[in-house]
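*Asks:* From the two separate chains plus the hints, produce the assembled complex.
Listed below are the residues making up each chain.
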Amino acid sequence: MIDSHRQAFIEEAEELLLELESTLLELEESPTDTELIAKTFRALHTIKGSSAMFGYDDITMFTHDIENVYDFIRKGELKITKDIIDSTLAAKDQIHKMLHPESEENKVDENITRQILEAFRNIVNNQKAINAADDVQTTFSTKTETKTAELVIKEYLISVKPAQAIFVSGTNPLMLLNELTEFGESIVLANFDQIPPLERIDAEKCYTSWEILLKTSKSVDDIKDVFIFVDDQCELKITEIDPEGKLRKEEDFQDFKKLVADIAKTKYPDIKMLLVEFESSLSQIVFNQATQFENKKNKDAGEGHHDSDLNSSIRVNAEKLDELVNLVGELVTIQARLNQIALGNQDQNIISVAEEVERITWSLRDSALNIRMLPIGTTFSKFKRLVRDLSKELGKEVELTTDGAETELDKTVIEKLNDPLIHIIRNSIDHGVESPSERENKGKTRTGNVHLSATQSGGNVLIKIQDDGAGMDKDVIKEKALKMGLINENGELSDSEIYSLIFTAGFSTAKKVTNVSGRGVGMDVVRRAIESLRGSIEVSSKKGLGTTITLKLPLTLAIIDGLLVNISDEFFVLPLSSVEECIELSSDDIEKAHGRHIVNIRGEIVPYVNLRERFNITGERLSIEQVVVANIKGMRVGFVVDKVIGQHQTVLKTLGKVYKNVEGVSGATILGDGTVALILDIIRLAEKEEVEERSSN
Amino acid sequence: MTKSIMTVDDSASVRQMVSFTLREAGYNVIEASDGKDAVSKINLADLNLIVTDLNMPNMDGIELIKTVRSMPKYKFLPIIMLTTESQNEKKMEGKNAGATGWIVKPFKPEQLLAVIKKVIG
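These protein sequence lines map, in sequence, to chains A and B. Under the working numbering, the first residue of the first sequence carries the number 260, and numbering increases by one thereafter. Under the working numbering, the first residue of the second sequence carries the number 403, and numbering increases by one thereafter.
Derived from the structure by calculation, the hints contain no laboratory data. Treat the hints loosely; a few may be bogus.
Straight-line Cα separation of at most 30 Å, DSS-like style, residue types lysine-lysine; simulated pairs [what the hints assert, rightly or not]: (1) LYS420(A) - LYS438(B); (2) LYS405(B) - LYS298(A); (3) LYS483(A) - LYS492(B); (4) LYS298(A) - LYS510(B); (5) LYS742(A) - LYS892(A); (6) LYS519(B) - LYS483(A); (7) LYS519(B) - LYS475(B); (8) LYS493(B) - LYS483(A); (9) LYS651(A) - LYS723(A); (10) LYS366(A) - LYS341(A); (11) LYS475(B) - LYS496(A); (12) LYS420(A) - LYS405(B).
With beta-carbon atoms standing in for the labels, derived distance ranges [stated by the list, open to error]: (13) PRO474(B) - LEU495(A): 27 to 33 Å; (14) SER611(A) - ALA516(B): 40 to 46 Å; (15) PRO511(B) - ASP345(A): 33 to 39 Å; (16) PRO511(B) - ILE460(A): 36 to 42 Å; (17) LYS468(B) - GLU273(A): 53 to 59 Å.
Note that the coordinates shown come from a computational prediction; the quantities given were computed from them, not determined experimentally. We put the CB at the ideal spot given by N, CA and C, even for glycine.
So here's chain B without its partners, still in its complex pose (with noise of 0.2 Å):
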């Protein structure tokens, strides 16, 4: 079965690049902006990832992450944070907030596949 996978990020370069490299790839992709975008999509498939963007309006990464890990339906879905920040301290915060594992940006179309891989498969 086709993997579905939600990228969301308020640059939609970034958003094009993630989801043309994931549809490359086989997967079933559905893009949303910002974190309250996302939620309001969520249900639009049987989600088995998010890669979400941690800077955004609207809703940021970090409450994203805690909002999905609140439903009961994706309790235990993987979720990836793209980070910028090398420090830990936005890590931490993603990590405690449920995030499953990272990329950090920049990154090249194969090392987001081989995050995703580690994740789910």
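Okay, chain A solo, but in the shape it has when bound (with noise of 0.2 Å):
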């Protein structure tokens, strides 16, 4: 292949060798032809380039020495002289030569080559001599230099910042930074601070530098070399970092490279972030021990007042918490009000300052709220206390295991749980586990267990009470409902709402009244003091094996995820937490429906509430209304909303004495354009809907 391309050279030669012989005797006769001179000089130039690729060195040396009489020549520096037409004869007939090495007849005489070389030396020097000779020597000079490899690993931190212009020379930054980091091990960072706003940005210019942090055994020659092509377009700042070596062991690299890395990930944000995070939990950590100090002072005040006056310790606290909630809750408000402002405006000096007051403003919220959590564990203590006593007093043996006591549950609702775990813990100790001789005959341990535990999920958090007992009887509680007039003889029932049956008010099958259970507080309350906190409970149960009974309870009760709908004018927020689906509601469902709310969704009859209706606002229905589809207790409820608008995270603000007792209703909020948006009671609006339908029916 290579003999093929050498033999194209040497004709090519051949031909450009002709083609200057030719044209220097044209040139002869006219010598100030700027064409002719040109011409040579291309001729001269083209075998001199061609030749160096094919391994002709000599050829290459020799014409090079020619090609810059004949530079000068064109640049009006030196004149054509029959000496020069001459030398250039002598010296296209001695490249000829040198083309055919391998033939006798051709044999190159070097002494010719240097007498002719040293001809045009001579006529350069007569007629321009300083330029011309300097050129001649320095040229080739610097093409055999070769560098000392040096092969101790340096490091080099590297700045490349590119010209805003780079790409119209058709560069491609990257493929620059990609030849340097395959020098050595390397860290990249970008810097994208000079990026300006979306609308200013110029998509042919470049805004990005870059930091390189490179290991190499290069030198900072090497480095520059790989941006010799933009040396121009490029501010490059190369600082080898530590050349006395005092961190040259690799652990120490190592631990740096970290660093950097770490540096990397952290932006500013995040740092606020840590820093914001860092202050919640200090300050939680200072409230704690402030708690922690109320208890045993309170301990020490005397074991008769002990409960009252640890509440009304708190309670003085958790009212100011309160107040700072709703000092947040204000700001975010108001924050959401400049969001809008900011994003009608189109300002980009008000967009990234109302965008760095809502980082700052959640950051303050979630801290806010963060100082009211508390660790469940507190709680889950008192009741070992409880469980040794009740167990001693109706003769069971019964050991109280704990996990989770370090999930964290806001404060009120920590205190609120504290009733209905107790009654809870109480029916399992009571109802569920069995006696030590009883367990035995069933081959059980003596020892029965009840264990609560708690977790985390999502925005909720889950108390699991779960006994080793004699599980639900299906059969008594049914017949004890039926008894009751709670459910039909021929009502097909779910096991979970056969078990939800043991809520309902004045529903107990225990058989006698001991001292424990029967007192008047039954399972109802419980459920209602769950509900209250924006909690579900459920019950599962095996039969002999034992009961489950599950808290589902809102981290926090400040805050609600809610889905935000509207109905004319109004707005509503719906749990989230409870919402199921969104279904359209056309008036030819209204139609099939014969003018009872259900709606058929997949085949399945979903009751629903009208919202419009059950809150008198006026204005007419839409031809498609919204069903918000929720799941209230086991059961699927539809609310009719005129549209549906989106998640909404929102503060949730009472709505005062005045407002106590409207029902289906549990709070307010408000919107960013400072509209206010009532929170539903979705548990109350599907039974109060339920009571309207039985009496109507």
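*Replies:* Take a look at the structure:
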């Protein structure tokens, strides 16, 4: 392959030599013809260029000197003389010989080569001595320069800042970075600080600069060479890190690398978040210590007033916290308005300030809420005593095990959980766990177990009370419910529906009233307490194996993750945790239901509450309305609204004493534009609908 | 995708050498004998790179670079110039016209590939 290239080169060179000869002869006739001069120069230039590539180094070196002479002539610094033409023709013959070194007749006489070059040099010296001579000398000296390879590994910090117009030269800076990273181990950090706002970005400009940490055996010159094509379009700073080698140990470099990588990951907002987290955990520590101190003080004050004292002292703190959370809530609202105004203005400065305010506000909100969070463990430990006393009283052997004591919940939630939990645990021990002899007969251990666990799941905390007792007897519950007229004899009930009957007021399957059970506080009170915390309760049981009661509670009462909807100009928020899906309700669907508030969803009949009717909102019903389907105590119930707007996380505000008895509304929130949206108590709404439906039938 | 490179040189042997090297390296190569020829062939493929000599008849390399840069499609096309002048003068002239980089003749195939890699990866 290479031979065929060489052949092509020789043929081409021969052609060029012939052309050169004829041009020279013409040039002798008209020595000032610039076209002819250029042609001569080009011929020599091409011969020089290609000969080097095909290994004819002698031709290259020889032609180079002659070409330089013609370069001077081209630039008008030398004039064509007869001597020059003669020497060039001789040179042409000499090149011809050099092209065929293998043939005998063309044997190259190096003396002639030297003579010709000498002649040219004399011509140049005579006419324009200094420049030419210098040039001839210097050009070749650089070619053979070799670099001494140094194999010392060094670390460099390289800063590359391309000119904005760098793309216009067809340069892709990333290619240069790639080349650089091939030199050794490296970390490349891109700096986007100079990128202007979107509307001012010119896609043809480069706004990015880079910092590279490079560990390599290459020299500064090698690194500079990478950027050789852009040295005038690029600010390049190369700093050798630690030239004295103090940090040359491998582990130190690794540490440094990690540090830089960490800094790269930690952008400014994150640092701020870290600070907020740090501050909030700090304030929580202070708060916890204060509470512990209060507890201790109260304990010291005497057992008798223990509870009320503890509560009162905490209540003071809680109020202060509530005030703080309220203020943060206001801030969130104002911030949302600021955002709307900023977006409406399209002013980049205001938008960026608004975004900053948003970030800080949400951090502040999170940290304020975090202050209210306490681990549930303190409550758990209280129950140890309860279980011990209770099992003794009932002649049973029961141990309490706990899990997830570190799970955090809003302080108010924890406080209000106390009574329901006591009640559930009592029930478990009284009705659930059998007596030791009974257990032995059933092949169980003598000692029964009640397990209390808490886990966080998204925005909720799940508290499970699990016993390994007798479990609930569905038939007994059914029988009792029938007696009480709660269900029909023919009614088909699912397991969870049967178990949820125990939450009905006045329901008790206890055969005898003990000191523990049947004192008037039924499971319905438990359910109401949990629901007032926006939580839900679920029962599952296996006869002979035990019962599990699961409480699902929101992490905090102050914040509600809601679904924002509207009816005419009114806005409402439904608790998102209960929402299962949203479907359309057309006038066709309404017609098919013959006036009853039911809708068919994939074959399932779902009752719904028409909120427009419920709240007497004026205005026309839309031809297509939306039904928000929520899961209420295992039942699917729809709520008809005009439009579903979207998810809305908001600070919950209570309505105050005057509106305390308004049914179906649990609070209010303020939207970004200042509008008030009511937060719906969907459980009450569904119950009310059910009662009215029944009475109308 | 195979990258397309145009090599522009009035010397057939240099052209042949360049295109042989590039084809061996897996590039699609279009040859042109001078600036004018290059401009006439410039739309034969979506070019990724032009490697051009500077001293050529009809239209020289500098003129070619200026012409290519004025085409919207090739405003940012990498262009490498082949130069024998180790003096900065010609190189700077090419740079100012919009060349991306250069390679000094004589060069070895691997040097050419190294420069191409530097420019188009």
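*Asks:* Does the structure keep LYS420(A) and LYS438(B) at a Cα separation of 30 Å or less?
*Replies:* Since the Cα atoms of LYS420(A) and LYS438(B) sit roughly 36 Å apart, the hinted pair is violated (cutoff 30 Å).
*Asks:* Verify the proposed pairing of LYS475(B) with LYS496(A), using a straight-line Cα cut of 30 Å.
*Replies:* violated (33 Å)
*Asks:* Taken at face value, is the distance from the CA of LYS723(A) to the CA of LYS651(A) at most 30 Å?
*Replies:* Measuring from Cα to Cα gives roughly 23 Å; hence the hint holds.
*Asks:* Is it true that the CA of LYS420(A) sits at most 30 Å from the CA of LYS405(B)?
*Replies:* Given pair LYS420(A), LYS405(B) holds - Cα atoms ~28 Å apart, limit 30 Å.
*Asks:* Is it true that PRO511(B) and ASP345(A) lie within 33 to 39 Å of each other by Cβ?
*Replies:* Given about 38 Å between the Cβ atoms, the range holds.
*Asks:* Can you confirm whether the C-alpha distance between LYS298(A) and LYS510(B) stays at or below 30 Å?
*Replies:* holds (26 Å)
*Asks:* Measure nothing beyond the straight line between the CA atoms of LYS483(A) and LYS492(B); if it is 30 Å or shorter, mark the hint as holding.
*Replies:* The given pair, whose Cα atoms are some 21 Å apart, holds under the 30 Å limit.
*Asks:* Keeping to a limit of 30 Å between CA atoms, is the pair of LYS366(A) and LYS341(A) held or broken?
*Replies:* holds (27 Å)
*Asks:* Falls inside 53 to 59 Å, the C-beta gap from LYS468(B) to GLU273(A)?
*Replies:* violated (34 Å)
*Asks:* Check the hint pairing LYS405(B) with LYS298(A) against an upper bound of 30 Å on the C-alpha distance.
*Replies:* Judged against 30 Å, a Cα distance of about 34 Å means the pair is violated.
*Asks:* Taking the beta carbons of PRO511(B) and ILE460(A), is their distance inside 36 to 42 Å?
*Replies:* About 41 Å separates the Cβ atoms of PRO511(B) and ILE460(A), which means 36 to 42 Å holds.
*Asks:* Is the gap between the beta carbons of PRO474(B) and LEU495(A) within 27 to 33 Å?
*Replies:* holds (30 Å)
Of the numbered hints given earlier, the model fails hints 1, 2, 11, 17; all others are met.
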